[in-house]
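Enquirer: Sequential numbering of the sequence shown, starting at -18, is according to this note's numbering.
Hints are computed from structural coordinates only; laboratory data are not their basis.
Some hints here could point you the wrong way.
Stated by the list, open to error - Computed cross-link-like contacts, DSBU-like style, restricted to lysine-lysine with a CA-CA straight-line distance of at most 30 Å:
no., residue 1, residue 2
1, Lys241, Lys57
2, Lys43, Lys26
3, Lys(-6), Lys26
4, Lys44, Lys136
5, Lys136, Lys57
6, Lys44, Lys57
7, Lys43, Lys(-6)
8, Lys177, Lys159
9, Lys177, Lys44
Stated by the list, open to error - If you anchor each label on the Cβ, the simulated ranges turn out as follows:
no., residue 1, residue 2, range
10, Asp249, Asn207, 20 to 26 Å
11, Pro171, Ser87, 14 to 20 Å
12, Glu83, Arg11, 40 to 46 Å
Idealized CB from N, CA, C, for every residue including glycine.
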Amino acid sequence: MVSLKVTISDVAKLAGVSTATVSHTINETRYVSQETKDKVYQAIKELGYTPDASARSFRTGKKQTIGFIVPDISNKFFATMIETVENHLSAHGYHLIIANTEENMSREETNIRLLTAGLVDGLLIASTMDDFARLDEAIPTGFPVVLVDRTFEEKKYSSVCVSNFQPIYRSVCRLAGKGSKRIGIIGGLPRLSSTKERIAAYREAIADCDLELDENLIRYGDSRENSAQHCLEELLTQNCDAIIVCQGLMASETIIYLHKQGMRLGQDIDLVSFVDYDSDINQLYSNQMDCITQPVEALGEAAGEQILARIENPDAPIFEKVLTSTYKPSDGAGR
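Model the full assembly from the supplied sequences, consistent with the hints where possible.
Expert: Listed below in structure tokens is the structure:
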């Protein structure tokens, strides 16, 4: 038996409206009363109707799809953000395509060129580039883009990010107030704006707290799995009495490593941990360390909002949205 495809005319007939009304309801191209919308969507549900995406794309010039280029899809920080972005876009009738660069600049460049060649309506980019000109050259003129989490000094594209300057600064000052003299820090890739800001906050606080700045106490991982251990080994040989770890995955690995070394948090060494996502380890040790919690869900929500706004109004002024992390000293610690 041949199964006939349900058409928009079938939906219109069941809902008791015109095909134009069904089209306007689905595409939100004209006002339709809520009562009529309910009839149309009920008919769609009963008939199992699926709108022809290719036909709609041809009519509107839109693919109803957004691309999101991320540096590490296995990192729960980005995985959580992706989920939030996807939920927001889905509620507005858009789909999401993910491209994983693995912190590789060439892969990012390739993915940008691929996705902007007619596959998506707009692009979210958590860039790993060290050169803005290289990023800019890969993006077609006028293409809707929002930079996420990582930004550049050049303000050509809208962006949403999180500032961690004040939480890092406060954490260094609190550690110094407790008597720490050799405070180490583990940042992400040196080329990233997020890393630069965190290290700058650390340097400023060290100076303001009259501590000696020792470059050997500044270490860089790549924010990916198994990148924290070598940094920790080097810092411990420098007789650190406190460590700040500027990324959630590396912070979790730090807790495990210190535990294996028999070091007690808050007693043998003080730790300031970034919290990028829900983690059993963070919950287990939260009363033994300071925590800097990033608003990852709010970041994803803002990214989704901004890219849709950019698509609707490509000529709007560049918009920068900056969220702030929350700093929470360990239980019993003075502020």
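Enquirer: Compare the structure with each hint and give your call.
Expert: Hints and how they fare:
1. Pair hint lysine 241 plus lysine 57 holds up; C-alpha atoms about 23 Å apart against a cutoff of 30 Å.
2. The straight-line distance between the Cα atoms of lysine 43 and lysine 26 is roughly 24 Å, inside the 30 Å bound, and the hint therefore holds.
3. Our distance criterion of 30 Å between C-alpha atoms is met by lysine -6 and lysine 26, whose separation comes to about 14 Å.
4. A hinted pair counts as satisfied when its Cα atoms are at most 30 Å apart, and lysine 44 with lysine 136 qualifies at roughly 27 Å.
5. For the suggested pair lysine 136 and lysine 57, the alpha carbons sit about 28 Å apart, so the restraint of at most 30 Å is met.
6. For a cut-off of 30 Å, the pair hint linking lysine 44 to lysine 57 stands: about 28 Å separates their Cα positions.
7. Proposed proximity of lysine 43 and lysine -6 is supported: the alpha carbons are some 27 Å apart, at most 30 Å.
8. About 26 Å separates the Cα atoms of lysine 177 and lysine 159, which keeps this hinted pair within 30 Å; it holds.
9. For the hint linking lysine 177 to lysine 44, the alpha-carbon distance of about 36 Å lies beyond 30 Å, and the restraint is violated.
10. In this structure the supplied range 20 to 26 Å holds for aspartate 249 paired with asparagine 207, their Cβ-Cβ distance being about 23 Å.
11. Our hint of 14 to 20 Å for proline 171 and serine 87 holds, since their Cβ atoms are close to 19 Å apart.
12. Glutamate 83 and arginine 11 have their C-beta atoms about 45 Å apart, which keeps the hinted 40 to 46 Å range intact.
In summary, the structure is inconsistent with hint 9 from the numbered list given earlier, while agreeing with all the others.
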